[in-house]
Amino acid sequence: MNSNRPWMRTRCLIAFLLTVCAIGPACAAAFDCARTYTLALHEHGLLYSADTDSGIDKDVADELIRRSGCKVTVSLLPRARIWQLIESGALDFSLSGISNAERERYASFAWYFSNKYYLLVRKDALAQNLAAFEGNDRLQLGTIRSFRYSESANRLVDRLQAANRLNQSSGLAPLYKTLMLNHIQGMIIEPFDFPALEAKAIGDSTSIVEFNDPPVPHGLIMSKKSLAPAEQAQWRALIDGMRRDGSMRRIFDKYFKPELAASMLDFQPPP
Amino acid sequence: MIPEHPPKAGANLLLLLPWLILVAMLGLTWVVWDFERTSTRKELRSEFDFALRETVNRIEQRVASYEQMLRGVQGLLTTTDLTNRKAIHDYVDTLQLDANFSGIQIVGIAQRVAEQDRAAHVATMRRLGISDYTIHPESRNDMYVLIIQREPFAGLNVAPIGFDIWPDPIRRLALEKARDTGLAAITSKVHLAIDTEAEAPSSFLMYLPVYAPGQPHNTVAQRRSNLIGWIYAGFHMKDFMASLYGKQWPGLELSIFDDVNPTASALVYRAGADSPQRPPGSAAPLTATEYMVVAGHTWTLSLSTQSEFESRFGRSAAAVIAVAGAGLSVSLALLVWFMITGRARALRLAAGMTEELRHMAQHDSLTKLPNRALFSDRLNRELARARRNGDHCALMFLDLDDFKIINDSFGHAVGDDLLREVAQRLQLAVRAADTVARMGGDEFVVLMPELKESHAALGLAEKIRAALHNPFVVDGHTLSISCSLGVAVFPDNGVDEISLTKSADDAMYRAKEGGGDRVRIGHLEA
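These protein sequence lines map, in sequence, to chains A and B.
Mind the numbering: the first sequence is residues 1 to 271 in our numbering, read in order.
Mind the numbering: the second sequence is residues 1001 to 1526 in our numbering, read in order.
Excised from the complex, chain A in its bound form (with noise of 0.2 Å):
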């Protein structure tokens, strides 16, 4: 969908070559907005949300428009759209995602963050671990349709998903209904859900279960179809500055604890 908003609207801001200059040597030169872009966002958690208009993809998406000078339209999508289009070359970038084989064919990645998963489970399910959850057939897990997770926990999804036991959504905000429905028992959920734990049924009623898998990276999602080599360049070099100069530190810490943003930010980008 397309916004009305000022951020959300299609907007053309000119680069400031003082503004470029302070990005670093590496942006010295113009950054060459070949054309107007598309992005899109998708509700989830600290991520972003349409209710308050805020997250942290919003304000790394404003940070990019600003700091390349171009003209970016902005859109609210599911995250199942936001893939497709990807893939097929309509949209050229989305924000926070996380790559594997598939999505190595057809999206290139510019890597700011990394967090860890974990498995949501209702205390009454009775599930101490994972091979609780998923050795009870009756538990039932809700996941985001197209979303994918650290190794162990995709195996999971995908064993459950066989065995008939996988509710899928394309918002975060019914799994949390339907898991204080007790119609699902358990939910993958990542550290920006963690404010929605806060919510006082949900923290009574839940644990909280580690994926024991390393963080797994998640970047700028940007389109092979839509984005030449060198503009894809571009743009990673825009979030790699944004890592070295603190910018990235400053928006994460708007939304986590510092310990927490640091631990996110401080990670190995895969090669």
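No lab work stands behind these hints, which were simulated from the structure alone.
Some clues are possibly wrong.
[Unchecked claim] So these bits of chain B aren't anywhere near chain A, every CB distance computed over 12 Å:
#, residue
1, LEU1016
2, ALA1119
3, ASN1141
4, ASP1164
5, LYS1189
6, ARG1345
7, ARG1385
8, ASP1416
[As the list claims (entries may be wrong)] Covered by chain B, per the in silico footprint, the following chain A stretches (three or more residues, Cβ under 8 Å):
#, region
9, 47-54
10, 167-179
The C-beta atom is built at its ideal place from N, Cα and C for all residues, glycine as well.
Put chain B on the given structure of chain A with help from the hints.
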């Protein structure tokens, strides 16, 4: 005769081979059947997942297309006033809300009116030509959200305008969401104001906010203060679903529930529930639940397969594999069993035939007595044994007297029968260790081994002669015969086969010459 060997371990293992093959083949059949069954289930699951994804996509796209249509009206209102009824009427008219947008029952405008502006608003609406315009319900509130225009203005949509929708909590929730986010918002299940009947179809409304032209609406606060009204569209769920692009998947039952709790009261749409019952014993249906967030509102989609879907997209090769595999397994095991036991049977047959040939080579075909060759063999063995032990044995030649007369009088058939009877009677008369043989014609020989005394042979010869005296009944004829016997005793009358044979033969001829029916002993060896 082929010697009988005890069954070997290898032969026993060979007999297990058909069973091993049967088990192996049935195991292989099970593996292939299980693989096919699993593949079929995966394929069916994949088709089902695709159908679910397609259904969700079709609904999302249709909602998006209706939203785009409303955004057209929203765009119009950035250039004209909310109360420009003609411009809005003309615009909606050009949209041609025909079959292509058949899900839409109504496109309308709702205006926000503060309590202090109530009277002025009514006056304005009456000045615009709606002379009987009133606000209803009558109750006084701080704020009203009033329906001021419905398009197309025909049919049910001619219901009175001026209806205040703000007090309705369901509508209010969506109105607030659209106002605060600036995005489209859908209501829960509602009863449209234009539906006057009690059993109205399941419906929902979609709202888009309209902000005052030229005023900022970057923040929630700005949006709230600068909102002037909403554009909305009303939908009957069944018409909305009928307007989806693409074809409904066959053999699937689709239910849509309002929000996340799939109760009967929350049901807004159901299709495919009238399909035939599942055949008894069929596999459990595939089911899936998906929570769709469309324009800020959640619908729960529940999809389940019916037998038509499974027969259309599933394969029935598993049953064919099971039956064919089991059949082939049994056939192959039987074939191997026949091959293995057939060889054993052939060996037994060959052994039997060999034994028969051996018997035929050593026995007289008429009387079944040992023939000359076998008799000679036994005689030599016995002579060797007697020689080794210093023992006695005797050879007896026997010739039937006047046998030619019987042949001539009663025919050769009777003669042959008589010879068979004589042979039997001879065998009964001699000792178990003695050998009776037929030399040819009516001549017989008897080997009497292990004689303690030489005259014991004469006693036995007399016994035989007496035995043949009893008449024979052959083919209804009573025949009386006699015989002449010549006896030669080893070593008295001969020391080897030749001398012993000659001595017995001479003795027999002497018996013949003496008138027959008597026994003669051979001459002593010089």
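To see whether the hints hold, each was checked on the structure:
no.: 1; hint: LEU1016; result: 40 Å, holds
no.: 2; hint: ALA1119; result: 32 Å, holds
no.: 3; hint: ASN1141; result: 25 Å, holds
no.: 4; hint: ASP1164; result: 25 Å, holds
no.: 5; hint: LYS1189; result: 16 Å, holds
no.: 6; hint: ARG1345; result: 54 Å, holds
no.: 7; hint: ARG1385; result: 87 Å, holds
no.: 8; hint: ASP1416; result: 89 Å, holds
no.: 9; hint: 47-54; result: holds (count 4)
no.: 10; hint: 167-179; result: holds (count 10)
Figure legend: structure checked against the earlier numbered hints; every hint is met.
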